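S.K.: In the order they appear, the protein sequences are chains W and Z.
Quick note, the first sequence lines up with residues 1 to 484 if you use full-length UniProt numbering.
Quick note, the second sequence lines up with residues 1 to 446 if you use full-length UniProt numbering.
Hints in this document: simulated from the structure, not taken from any laboratory.
What you are looking at is a predicted structure, and each value in this text was computed from that prediction instead of being measured.
Heads up, a few of these hints could be off.
[Unchecked claim] Here are the simulated distance ranges between beta carbons:
| hint | chain 1 | residue 1 | chain 2 | residue 2 | range |
| --- | --- | --- | --- | --- | --- |
| 1 | Z | Tyr211 | W | Gly109 | 35 to 41 Å |
| 2 | W | Asp23 | Z | Glu117 | 36 to 42 Å |
| 3 | Z | Asp132 | W | Asp328 | 49 to 55 Å |
| 4 | Z | Val313 | W | Pro19 | 28 to 34 Å |
| 5 | W | Ser217 | Z | Arg239 | 25 to 31 Å |
| 6 | Z | Leu28 | W | Gly109 | 34 to 40 Å |
| 7 | Z | Tyr211 | W | Gly457 | 39 to 45 Å |
| 8 | Z | Met49 | W | Ser133 | 46 to 52 Å |
| 9 | W | Glu327 | Z | Gly263 | 46 to 52 Å |
| 10 | Z | Ala88 | W | Arg199 | 46 to 52 Å |
| 11 | Z | Asp193 | W | Ser133 | 55 to 61 Å |
| 12 | Z | Asp311 | W | Met344 | 51 to 57 Å |
| 13 | W | Asp345 | Z | Asp208 | 42 to 48 Å |
| 14 | W | His445 | Z | Lys278 | 50 to 56 Å |
Just so you know, even glycine gets a beta-carbon here, dropped at the ideal spot from N, CA and C.
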Amino acid sequence: MTQLTQSPLDEAIATLLTPGGLDAGALDPGLDHALGAGIDYADLYFQRSWHESWVLEDGEVKDASYNIDGGVGVRALAGEKTGFAYSNQITAEALAETGRTASGIARSGARLNGQPVHAAAAPLRYAGVDPLSGLTAEEKIALLKQADRIARSADPSVSQVTASLTGVHEVVLVRASDGTLAADIRPLVRFNVSVIAARNGRRERGSAGGGGRYAMSRLRDENVAERFAREAVRQALVNLEAVDAPAGQMPVVLGPGWPGILLHEAVGHGLEGDFNRKQSSAFAGRMGQRVAAPGVTVVDDATLADRRGSMTIDDEGTPGAYTPLIEDGILVGYMQDKLNARLMDMAPTGNARRESYAHMPMPRMTNTYMLAGQDDPEEILKSVKRGLYAVSFGGGQVDITSGKFVFSASEAYLIEDGRITAPVKGATLIGNGPEAMGRVSMIGHDMELDTGIGVCGKEGQGVPVGVGQPTLKLDELTVGGTQS
Amino acid sequence: MTQAFDAAAQQALLETRVAAALEQARKLGADACEVGASVDQGTGVNVRMGEVESVELSRDQGIAVTVYVGQRKGSASSSDAGKDSIRAVVEKAIAIARHTGEDPAAGLAEAQLMATEFPDLKVHHPWPLSTDEAIELALACEGAGRAVEGITNSDGAGLSSGEGVRVYGNSHGFLAGQRGSRHSLSCMLIARDAQGMQRDYDYSSVRDPAYLSSPEAIGHSAAERTLRRLGARRPETGRLPVMFAPELASGLVGHFLNAIAGGALYREASFLCDSLGKSLFPAWFTLMEKPREVGGMASSPFDNDGVYTRDNVFVDEGRIASYMLSAYSARRLGMTTTGNAGGARNLRIDAPLSTQADLLTRMDRGVLVTELMGQGVNGVTGDYSRGAAGFWVEEGRLQYPIEEFTIAGNLEAMFANLLGVGDDTDTRGSIHTGSWLIDDMTVAGS
C-alpha cells in the first residue's frame with residue numbers, strides 16, 4: 001500500500017540502493033569517483049528490471065520464463081570522449097571501481113565538482129505500476145487460451161497458433177554531475193498472436209499484437225486476445241490468396257498507423273543528433289531547408305500517454321518532450337542527448353536512450369509520427385491508376401549516409417484504376433529518404449498510431465518505439481516484387 | 001585487457017554455482033533440472049577522426065535455470081549469480097512450473113546422449129592488450145583508411161576484445177564448461193561526390209589475435225569498398241542472374257538452416273516441412289557442419305542440451321539429408337536430436353569452387369550484390385525480397401556501382417538455380433562460403 005503514495009524517486013532508492021546497503025547519501029560520493037581530472041560530465045544510471053514471458057503453443061502454455069536484471073552504468077565524458085563501465089552489483093565498492101574505470105579516459109585537466117541536485121519535476125507520461133502483478137498466473141494463461149480458441153474457431157484453415165504475453169517492470173534512477181537527480185518506473189506489456197493457415201498446399205503466416213506502458217490487466221480489459229487473434233487470422237487468410245507482387249517503380253499508398261515505419265527509417269534515424277554532429281547523415285547541414293513535400297509535418301513525441309515509445313524522463317534524466325522534426329516540409333529539429341547537444345550547441349530534447357545499464361546512451365527516437373493532412377483516404381486510392389496499397393509491414397532499415405531505406409510489406413494489395421484489387425505477396429520497398437519525402441503528394445486526415453509493437457535497433461541496442469501516420473500517397477517508390 | 005580475468009577460476013566458480021542450483025532444484029521438488037551460467041568480460045575502444053571516442057569495459061554474467069515438475073516446465077534467469085539470487089531463481093522456476101501445462105515432449109535430452117569427451121578445441125586465446133595498445137590499433141586502422149585519397153569523413157574504427165566462460169549442467173549428472181575468446185577490429189569510412197555520400201566498412205574477427213588482419217589492411221579495404229560505391233546508378237527492372245558476395249552468401253545458408261531447424265518445422269513455419277530426402281540444391285552441392293573443428297568460430301564438444309556434437313551433413317549431393325534438431329524439437333517431430341540445440345556449428349560447403357572471374361564470365365550480364373538491406377525473407381513461404389547495392393555486370397565484367405534496387409525470388413527456386421560457388425571463402429563467421437551465383441531473380445530498379 002505504501003507504494004501508492006511513494007514518489008518514483010523514493011521507490012527507486014528503495015528498490016535500487018537499499019538492497020546493496022546504500023541510500024541517497026551514497027549518490028554524490030559515487031559520482032565523485034567518476035569525476036576525475038579533465039572530466040566535464042559524469043552520470044550514474046541505476047536500473048533493475050523484472051521480465052516475464054508466457055508462451056502458448058498447441059493450445060497449452062508449455063513454457064514461461066522470468067528474468068531479473070540490474071546494475072549500475074557509470075559514464076564519464078571529456079570533450080567528445082566517453083568512458084564507460086558497468087557492474088551488476090549496486091554497492092559502494094562497485095561504484096568506486098566503475099567510476100574510476102570510466103573516468104580513466106581523461107588524464108589531465110581541471111577537476112570539476114558535481115553540481116548539487118536541482119529538483120526538476122517531469123510530468124508522468126504513464127502510471128508507475130508493476131505491470132506483472134496486474135493479473136494472476138491463471139488469468140494470464142486464460143488470456144492466451146482465449147486467443148488460441150478464437151483463432152482456431154475463426155477459420156478451419158488455421159493449423160498453428162502461437163500466442164505470447166510479456167511484461168517488464170523497470171525502475172531507473174539517474175544522478176548526473178549537472179545536478180540531475182531523476183527516477184522513473186516504466187511498465188511495458190505486450191500481447192502477440194501468430195497463426196499459420198494452410199489451404200490447397202499453400203501455407204501463410206498472419207500475426208498481430210500490441211501493448212504499451214500500463215498494467216497487464218488493461219490488455220484483458222481491452223480484449224486484445226480476441227482482437228489480435230481475429231486480426232492475425234484475417235491477415236493469414238488474405239496472404240493465402242496473394243499473387244506475386246509487382247516489380248519496379250510505381251505510386252505507393254501506405255495505410256495509416258504502423259506503415260509509419262516509413263518515417264522512422266526514411267527520416268527519423270537521419271535526424272538523430274550523433275549522425276548530424278559527425279556529418280554522416282544524408283540530412284546533415286540541411287537545417288531550415290526543404291527536406292519533404294509541403295504539408296509533411298513529422299514529430300518525435302515522448303509525451304503521449306501510456307504509449308510504448310513514451311518516456312517520462314529519458315535515460316539521462318531529461319524530461320521526455322514533443323520535438324518537431326519537419327514542419328510543412330522544412331527541417332526544423334534534431335533529436336539530441338546531452339553529449340551531442342552540447343557539442344552542437346543545442347539543447348537536449350529528451351531523446352537519450354539506452355537498452356540497459358550495460359549500454360551507453362545515444363540519441364534515439366521515442367514515438368515518431370506524421371500529423372494528419374486534409375485528404376480523404378478514399379480519394380487518395382481513387383487517384384492511383386496502377387500502384388501498390390500497403391497496410392502492414394515487417395521491418396525496415398536505413399543507410400543514414402546514402403539515405404537509402406527499405407521496409408518490407410507483410411500485407412499489400414494492387415491498386416487498379418483507383419480500386420483495391422488482388423492481395424499481393426510481401427515485398428520490400430526501397431527509396432531514398434529525402435527524395436521519397438519529396439514525393440508525398442497526398443496526406444490523409446486519418447492519423448493513427450501503431451498498436452505498440454516496435455523495437456528499434458541501433459549499434460546493437462534495442463529499445464521500444466512507436467510510429468504513426470495518416471494514409472499517405474508517394475508518387476513513386478520502387479517495389480521489390482517478382483513480376484517485372 | 002586491463003581487467004584481470006582468470007578463466008579457469010571463473011569456470012570453477014560457475015561449475016560450483018551450477019551444481020548448487022541443480023541441488024537446490026532437487027531439494028525443492030524438481031524432477032529434472034538444467035542450468036546454464038556464463039561470464040563474459042571485454043574491452044571496446046572506438047576512435048573517430050583520429051581521436052578517442054569511447055572506451056568501454058564490460059563484464060556480463062548470468063544464470064538460467066529450467067526445471068521440470070512431471071511434464072511441466074518453468075524457466076527463470078538472473079544477471080546476479082550470487083547464492084541468494086540462485087535460490088530465488090530456482091524457486092521462481094518451480095513456481096512457474098506449477099502453472100504451465102503438461103507437455104509430453106518436455107524434459108532433458110536422453111542421458112545416453114550426453115557428451116563424454118571434452119577435447120580442447122583451441123577456442124580460448126586471451127589477448128593481454130592494454131587500453132592504450134587497443135587505441136593505437138584502432139587509430140592505425142582508421143588512419144590508414146582516411147589516408148586513402150577520396151575519403152572525406154569517417155564513422156570510426158573500433159577494436160573489441162573479450163573472453164568468457166559458459167557452463168552447462170543438468171540432473172543427469174552432466175556438468176561441463178567451455179571457454180572462448182573473440183577479438184575484432186573494424187572500420188567504417190565515408191566518401192562524398194557531387195551525387196552525395198557513401199559509406200562502407202570492413203572488419204576482421206578471430207578467436208586467436210595472431211590471426212587478426214592488420215589494421216592497415218582493414219583500413220585500406222574499408223576505403224576501397226567505400227570509394228567504389230561513388231557514382232552509383234540504378235539498374236533497370238528485369239530478370240537477371242545475381243551473384244551474392246561471400247558475406248551475403250552466408251546469409252543464404254542461414255536462411256536454409258532456419259528452414260530445417262526443428263522449431264520452425266514442428267510449428268509448420270518453414271517452407272521445407274516434410275522435405276527430408278528432397279532434392280533442393282544442384283547435385284554437386286554438399287553442406288555439412290564440423291562442430292569439433294579445432295579453432296572454429298562455433299566449435300563445442302556439446303550442444304545446449306549437453307548432447308555430444310557430431311559432423312552432420314545437412315545437404316548431401318543436393319538433397320536434404322538431415323534436419324537440425326534439439327532434443328525437444330526432435331521429440332515433437334518423432335525423431336532423434338542431431339546435437340543442434342543452440343544451432344549449427346561451423347558450416348562448410350563441399351562443392352567444386354570457381355574463381356570470381358569465372359563466375360562473372362558465366363553470369364555475362366547481371367548484378368553482383370555486395371550489400372543487402374531489410375528483413376524481407378518469409379520463412380514460411382520462402383519468398384525473398386530485399387533491398388540491395390552492388391555492381392552492374394556486362395560481358396562478364398564489373399561496369400559501375402548500382403544502388404536503390406531490390407532483388408526478389410523464392411528461396412526454393414534460388415537454391416535450385418545455384419550455378420556456382422566461388423573460391424573467395426569468407427572465414428570470419430561460423431558459416432564459411434565464397435560467392436554464390438544464382439540464376440533468374442527479379443531485379444527491381446528504375
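S.K.: A separate judgement is required for each hint: does it hold in the structure or not?
M.R.: Do the hints match the structure? See the list:
1. Tyr211/Z / Gly109/W: 35 to 41 Å: holds, 39 Å
2. Asp23/W / Glu117/Z: 36 to 42 Å: violated, 53 Å
3. Asp132/Z / Asp328/W: 49 to 55 Å: holds, 51 Å
4. Val313/Z / Pro19/W: 28 to 34 Å: Violated - the Cβ-Cβ distance for Val313/Z and Pro19/W, about 52 Å, lies outside 28 to 34 Å.
5. Ser217/W / Arg239/Z: 25 to 31 Å: Between Ser217/W and Arg239/Z, where Cβ atoms are some 54 Å apart, the hint is violated.
6. Leu28/Z / Gly109/W: 34 to 40 Å: violated, 55 Å
7. Tyr211/Z / Gly457/W: 39 to 45 Å: violated, 29 Å
8. Met49/Z / Ser133/W: 46 to 52 Å: holds, 50 Å
9. Glu327/W / Gly263/Z: 46 to 52 Å: Since Glu327/W and Gly263/Z have Cβ atoms about 47 Å apart, the given range 46 to 52 Å holds.
10. Ala88/Z / Arg199/W: 46 to 52 Å: Holds - the Cβ-Cβ distance for Ala88/Z and Arg199/W, about 48 Å, lies within 46 to 52 Å.
11. Asp193/Z / Ser133/W: 55 to 61 Å: holds, 58 Å
12. Asp311/Z / Met344/W: 51 to 57 Å: holds, 55 Å
13. Asp345/W / Asp208/Z: 42 to 48 Å: holds, 46 Å
14. His445/W / Lys278/Z: 50 to 56 Å: holds, 52 Å
Hint compliance for this structure: hints 2, 4, 5, 6, 7 are broken, all remaining hints hold.
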